[in-house]
Amino acid sequence: MATDAGTPIPRFPAGFIWGVSTSAHQIEGAADEREPSVWDAFTAGPGRVKDGSTAAVACDHYHRHREDVALLADLGVNAYRFSVSWPRARSEKGLDFYDRLVDDLCAAGVRPVPTLFHWDLPADLDWLERSTAERFAEYVSLVAGRLGDRVTKWITLNEPAEHTLLGHALGVHAPGKRLLFDALPAAHHQLLAHGLAVRALRAAGAGDIGIANSHGPTWAASTEAADVEAAEFYDLLLNRLFADPLLLGRYPDGIGELMPGDVEADLKVIAEPLDWYGINYYAPTRVGAPQGTEIEFGGVSMPAELPFSVREIEGHPVTDFGWPVVPEGLTELLTGFRDRYGDRYGDRLPPVVITENGCSYPGVDDQDRVTYLDGHVRALYRAVDAGVDVRGYFVWSLLDNFEWAEGYARRFGLVHVDFDTLERTPKASYRWYREMLRAQAPTA
Numbered sequence: 001m002a003t004d005a006g007t008p009i010p011r012f013p014a015g016f017i018w019g020v021s022t023s024a025h026q027i028e029g030a031a032d033e034r035e036p037s038v039w040d041a042f043t044a045g046p047g048r049v050k051d052g053s054t055a056a057v058a059c060d061h062y063h064r065h066r067e068d069v070a071l072l073a074d075l076g077v078n079a080y081r082f083s084v085s086w087p088r089a090r091s092e093k094g095l096d097f098y099d100r101l102v103d104d105l106c107a108a109g110v111r112p113v114p115t116l117f118h119w120d121l122p123a124d125l126d127w128l129e130r131s132t133a134e135r136f137a138e139y140v141s142l143v144a145g146r147l148g149d150r151v152t153k154w155i156t157l158n159e160p161a162e163h164t165l166l167g168h169a170l171g172v173h174a175p176g177k178r179l180l181f182d183a184l185p186a187a188h189h190q191l192l193a194h195g196l197a198v199r200a201l202r203a204a205g206a207g208d209i210g211i212a213n214s215h216g217p218t219w220a221a222s223t224e225a226a227d228v229e230a231a232e233f234y235d236l237l238l239n240r241l242f243a244d245p246l247l248l249g250r251y252p253d254g255i256g257e258l259m260p261g262d263v264e265a266d267l268k269v270i271a272e273p274l275d276w277y278g279i280n281y282y283a284p285t286r287v288g289a290p291q292g293t294e295i296e297f298g299g300v301s302m303p304a305e306l307p308f309s310v311r312e313i314e315g316h317p318v319t320d321f322g323w324p325v326v327p328e329g330l331t332e333l334l335t336g337f338r339d340r341y342g343d344r345y346g347d348r349l350p351p352v353v354i355t356e357n358g359c360s361y362p363g364v365d366d367q368d369r370v371t372y373l374d375g376h377v378r379a380l381y382r383a384v385d386a387g388v389d390v391r392g393y394f395v396w397s398l399l400d401n402f403e404w405a406e407g408y409a410r411r412f413g414l415v416h417v418d419f420d421t422l423e424r425t426p427k428a429s430y431r432w433y434r435e436m437l438r439a440q441a442p443t444a
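Numbering-wise (this note's numbering), the sequence shown opens with residue 1 and increments by one.
Hints are computed from structural coordinates only; laboratory data are not their basis. Quick caveat: nothing in here was measured; it's all calculated off a predicted structure. A portion of the hints provided could be inaccurate.
[Unchecked claim] With a cut-off of at most 25 Å between alpha-carbon atoms, the simulated SDA-like pairs for lysine to any residue come out as follows: (1) K268 <-> R130; (2) K177 <-> A405; (3) K177 <-> I255; (4) K93 <-> T132; (5) K268 <-> G176; (6) K50 <-> T132; (7) K93 <-> A107.
[To be verified] Simulated restraints, written as ranges between beta carbons of each label pair: (8) D343 <-> P10: 23 to 31 Å; (9) D182 <-> G292: 19 to 27 Å; (10) E257 <-> D124: 26 to 34 Å; (11) S131 <-> P10: 47 to 55 Å; (12) P290 <-> D339: 28 to 36 Å; (13) H316 <-> R100: 39 to 47 Å; (14) P290 <-> A44: 32 to 40 Å; (15) R64 <-> E435: 23 to 31 Å.
Think of the CB as a built atom: it goes at the ideal place given N, C-alpha and C, for glycine as much as any other residue.
Please work from the sequences and hints to get the whole structure.
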């Protein structure tokens, strides 16, 4: 991995958003003080979480949020991306919690940036049902009415691609459905929910609305036609299926007819104009033709019947999750988005915000994470320097947390959490980010 570590990071444009991200189910705990979610049901099943844990307590952010806001203030970020738990927001007590959190963030000079859905669907709902999109819009209206006097930047959904693939197609995340391509209605209904949420937010007087989609470059395993074709199909499913409807108002060829309902009418809702487009970036994916056997990749079992196979990317270091560390993939991704949606289709790409970027490494003296973040911030600057309109960057994550089906084995935080005592300890990467932000601060 090329690195310029040790030289100053170039100064980003004035007004650039620097933040960190978390999600409700992964940090809040206090599960007995909210309604159940699909993740509560999923983690109750044996063998579904690798260490057998649940998020019943997690980081106990629900009871310790003021300590975490103090960490944010000390870190020096100007924005905090958190998520509102839909199951928690069904009660006045739950809404009161988000009132307090937003108040405390504003008092600390940290801009609150709530994500309205980050995978913790109420247990009585199902994304395979169209009515869930309508219920989501009702919930969004409720939250906007409660927080909209102080929140000035909103995110509708987090990673509908992963929630569809892992939760509905492969069954390794909640709700644990293994439907393969029959999971496509879950993708459509989430996109429809996004569009309805944008309308609900605007009706409530809210602005500055985006989404957090995960994207990464897709690299063909070789120049052989079968590998190139498989890579193109993977890219369609994980990138274009979730970007084209939002930015172009249409599905990729051959996909729309697989979706339920009046797709043309729904696309008019899905493509409601965005103020900005959020991208979660972790790594490229190397893809080739199917190999005829089920393989394990990145902790996920990939069925043999898929029309592609995911291969290892060689020649790059990996995180302790086994993910390749490829900062230049971020530059490639952003310039590719500009070329496709900004140039090819006539300026359809709004300003971009990196809503997640981070890595899992153990320990408090996490120099590998420092190297990772340094490399990715520089790669981001190269995209800005190449003319991509990037307005912000959020590190995943503030705290070590409940990492979904991995339980507590993977540590993505800038702050170490002892899950026995819940003590917080800032890591070397926390100090690096704080110093980098001080260097980025406007000079008098």
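| task | Identify every previously stated hint that the structure contradicts and give their numbers, smallest first. | result | 5 and 6
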